[in-house]
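So the sequence lines, in the order shown, correspond to chains G, S and L. Under the numbering used here, the first sequence has 209 at position 209, and the numbering climbs by one with no breaks. Under the numbering used here, the second sequence has 108 at position 108, and the numbering climbs by one with no breaks. Under the numbering used here, the third sequence has 276 at position 276, and the numbering climbs by one with no breaks.
Be a bit skeptical, because a hint or two may be false.
To be verified - Listed next, the in silico DSS-like pairs over lysine-lysine satisfying Cα-Cα at most 30 Å (straight line): (1) Lys130/S x Lys188/G; (2) Lys70/L x Lys40/L; (3) Lys155/G x Lys40/L; (4) Lys73/L x Lys7/L; (5) Lys188/G x Lys243/L; (6) Lys162/L x Lys70/L; (7) Lys130/S x Lys82/S; (8) Lys243/L x Lys82/S; (9) Lys130/S x Lys40/L; (10) Lys70/S x Lys82/S; (11) Lys155/G x Lys73/L; (12) Lys70/L x Lys155/G.
Keep in mind that the hints were calculated from the coordinates and are not lab data. Small disclaimer: the values here were computed from a predicted structure and weren't measured.
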Amino acid sequence: MTTVIAESSIPAPAVEDAAPAGRLRLVLGKMLAARGVLVGAVIVLLLFLLAFGGPFLTPWNYVTPDYLAIRQPPSGQHWFGTNGLGQDVFAQTVRGLQKSLIIGLLVALFSTVVASLVGACAGYFGGWTDRALTFLVDLMLVFPSFLIITIISPKLRGAGWIAFVALLAAFNWMITARVVRSMTRSLKEREFVRAAEFMGVRPLRIIVRHILPNVASFLITDATIAVGAAVMSETALSFFGFGVRAPDVSLGTLLAAGTDQAPVFPWLFYFAAALLVLFVLAINLIGDGLRDALDPTSEGARPPRKSRTRRTSRSSK
Amino acid sequence: MTTAVETDLLTVSDLTVDFAGVPAVRGVDLRLRRGETLGIVGESGSGKSVTSLAILGLLPGTAAVSGSVKLDGRELVGLPNKELSAIRGRKVAMVFQDPLSAFTPVYRIGDQIVEALRIHQDLDRAAARKRAAELLDLVGIPSPDRALDSFPHEFSGGMRQRAMIAMAIANDPDILLADEPTTALDVTIQAQVLDVLRTAQRETGAALVLVSHDLGVIAGMADRVAVMYAGRVVETAGVDELFARPQHPYTLGLIGAVPRLDTSGGPLVPIPGGPPSLAALPPGCPFAARCPLAEDRCRTVEPELLGRPDADGHLAACVRSAELAERAPAPSEVYPVPEVAPAVADTAVREDREPVLRVSGLTKTFPVLKGSVFKRKVGEVYAVDGVELDIRRGETLGLVGESGSGKSTTLFELLHLAKPEAGRIELLGQDTAQLDRASAHRLRSDIQIVFQDPMASLDPRMPISDIIAEPLLAQGAARELIARRVPELLRQVGLEPAHASRYPHQFSGGQRQRISIARALAVSPQLLVLDEPVSALDVSVQAGVLNLLQQLKAELGLAYLFVSHDLSVIRHLSDRVSVMYLGRTVEAGAVDAVFEQPRHPYTRALLSAVPLPDPAAERNRTRILLAGDPPSPTERRTGCPFRARCPVYAALPATRHARCETETPVLTEAAPGQDHTAACHYPEA
Amino acid sequence: MIRYLAKRLGYYAALLIVAIFLAYALSCTALGPRTYFEAKQPRPSAASVDRQLTALNINDHTPVVERFGKWSKDLVLHADLGRTIHNTSVNAEFGRRIVVSLRLLLIGSLLGMLLGVAGGAWSAVRQYRISDRTLTLVSFVLLSTPVFLLALLLKNGAIAAKDAVGHEVIPFTGYETPGLSGGIGAHLADWGLHLLLPTLSLALGGLAMYSRYQRGTMLDVLGSDYLRTAEAKGLTRNRALLKHGLRTAIIPMSTMFAYSFLGIFTGATFTESIFGWHGMGEWFIQAINEQDINSVVAVNLFAAVVVLASGFLADVLHAALDPRVRS
């Protein structure tokens, strides 16, 4: 063992008289400094307000037709116009947005939980546990998950959108799990985990107390981006008729219904399309900002040289 | 001196560097004459590395550099990148600290040296390659032609640093800038590389700027020394003058804080506190807060770097430098030195004290695996191959060895409290092979560990009160006990109990190591395993932690297993010492006996490689340079594993070689009953 | 080195076999070809349905393992993928469509990768300048647009252009103009034009993803010690960046390459359907709707082979780029 005297030209942080919340405040400060996060957060907030408050703003609901207005362009009466059946496009769009958001959030939540458990166990226990779980992950990555979901989805026709959420989550955790696994493997070599082992702390307790909190920042970032990815998958599958189905609407079903008429009746297509892109874009902005703020090795926080901060390996193999 | 005025090769004046408004270098003046060696010494954050990079304009774009750097009268600050490129590598070349990351990993060593040659010289590829081989030969790399085709990761650390030096001297530069060139290396390899640097300097006649935190390296290499603190040069003088009569209290403190190989025992002189944050420097002398000599005037105006006209270039930035020059006090006369009560080991006879740890014949092998999915074993690494340890109550055993000697593996084997692969581990009289799960768990509270890197060994996501409570929790301690113990422990290691709710990153390096110690002490262990506990700390801070360890040992009657590559620290702290080479114990015994009369040739080489912070002593001693790197532990050779590098073996008449080649030496006592054993067939008498 | 790659290849083969079995079993349980035949007019007898199903080896009364055994035997011994639900050869359909799909997949992914790597590296070097910010914004928007939506937007744009000009400017259906006369040159130009929009819809997503990732790895490299060494030897900043920086920063992209193919394949499925390309993706969606088990399995096999081949290629690429992996 040899010494590495880390000589950083940034002076070691002196003991501040800050409350223990210091780290949180630091992260918050960095996040607010990034304009992207702020913009993203405001957009996401507004879209949530629109999705859940929108239905109360309009007298129309998303199924009842207005026979006096068939394929009408946006007007004071029908803000986003009406479709071929005379249904109000605004009511449909906010309803679809609502569904897409809920599906996105739930899928991200479930897949992150599965990914962190599988990844942490495979990485921490190693040996056969690791080999079995790695094989499972590799196996599930052999096919584009779209193919499998498409095959299964006719079977789930009766089970509604919750089954669809489960299906999306079941095929969306593998890559995250791989990253968590490799992070866990390097955390396991870290001295504070070794120290806990030598103190006699039990493995599950080590995973909960030491491993998971230290991959938390990655998980938060990843879950954020997963929300956007899940919304994109949902809309794509629904677009081809393999996801949300009538009478439910989502952004995907709306796009499917509006696509053929888009050149002539643009309001049937572009409102839903714009909301979709806007939401995913906002989510990605937040995710990117979170990564910069939570990852001490990210750009901006880089000391000019010899930053000996240990970097958890993000490589997958 | 005649009319010809000796001009300086390099003149740095009033150099300042800021990173986003935070100063890193605050007005540095340096002069370098042709062919001389200038040592720049300082601790982390003192600005010494930034200064060396700023000279060549190698700082990142976020750095704002001002002041002047004149090379042969030509101003370098503000020079366009293209013109600077023509100077870099040609007139001024650099050797970096970490030779692994300093070579581009995807190109062959030879190609990188050839590239350096062809940037500045009009050579065809074949000629450049031939020259590159000559350079590798010059720096002592065996079979240079083959080495040219190696990738950086295929070289050992020492070889890489040699190759780095070869690349630096490729264009016969006027100045070599070496930034901590040996910090990442083992002590015997450090001695080799320093030797190569001397050779390189001799061959090219270049001046050398050697940046280091190690006073010993500086004392052995430099003609003149500049001491940096908080982004400024606080003292500069000829090397003998500086070490004999330091005129700045910081220099004096540094010299007092270094443990020395040639003296033993006694408390070190710690400099209180830590280096200031350059982002918020108080007015006045930046050292005033830590200085025992500080007066009111020190806190108002920052002193200039001045010297008396007759002082022959000895300058110091202290208002009381004249006083120091006159009195020439010892460090302990200026700095308060803690009293350390005598430890148990000093008062009771060794045989009367009960054994805490006994290890014999410990072996640990790792399989060498090939293949990615279904791995198969292709060989074995003998990481530990016959380790003997013996620690009694209240004493410190120092475990010495270089990288790959199996020190860390030995520790982990002990701490697993399981049946070893071979051999026997006995902790407090209990054989670990016989332990069931419950008793192993209970025994964990008797053996605790403190790691090298205090930042890595503390979970960054936990307040320190939880960190310290963790071993107690693992042992199932009651909540009241934990609530009582935590503040008690913090006080014991010299921290404020009120800070219990803070997080590790809010403490300095030395304080973090104290937290680690407090955590280890929480369950009142009998044996503390210290794995390089001070090697990540600055010298001035390290002294405080070493003193704390001595104090705790005396107060609590602890036994320490102290692992270090730093022989000076071992000598300072240990009662007994055990030397490892390639997984085996090659010499062990009372610390004075081993250090003053080493019997194994490896121990002798190791001791001779340690630089002393004393220029006169450095110049006058003989060195035993070991050849090459330690061999790979994957091959288990018959006979003595050290013989490939052994100077004694090399000097033996061929008739006596056979014994070293066939018979593995065992530890034998120097004299019956004497606590000094060595595993050598031809030990020094 | 060769041994390492052979090992990987073996692992991939094992994965492929297990995965294909699972896909086969899944298709058999999820799809109901029986209902397809029963829905025919006039309604055939139960015995006749059974006979037809058995002939196609998709009878749900036969155990899945047995059917898989027959299917894989035919595949291994005769390279025969079975019959479609219309009793035509799956092989023939496969052969027709693979050419169509591979054209799109290869050009789309390679273009996306090359442009993305170049853009990302350029962006990193020009960090925080206008050009970097613009590219960042564009890639964010592209990353936030699902491929099917991007394809729809491109197609709508082409339709709008056609409506504005009066004739088709850029073709947006199919992969060639039917009945086109003229020499090889005219045919190539026609193919190129037809390729334009579908390839763009695939490549733009890849470009965005690769450029973000490459920018990140390049920024990591910018602070590296070896880049400083390269400058310290006397290379100018730009030459050092190109020769030492970029060369090292593309190594992690090989891993990315393997992952991205999953996404590209999915994207191609959408693109084919939207632009009326009769490729694998379109076939797949059609087959699902027709409960055509053998065709579904054939597309799955194709997908798995493509994904694993890209994984293997990524391994080879990684080993070729990084000497540290080789030893």
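Of the hints given before, which are not true for this structure?
As far as the earlier hints go, 1, 5, 6 and 9 are violated by this structure, in ascending order.
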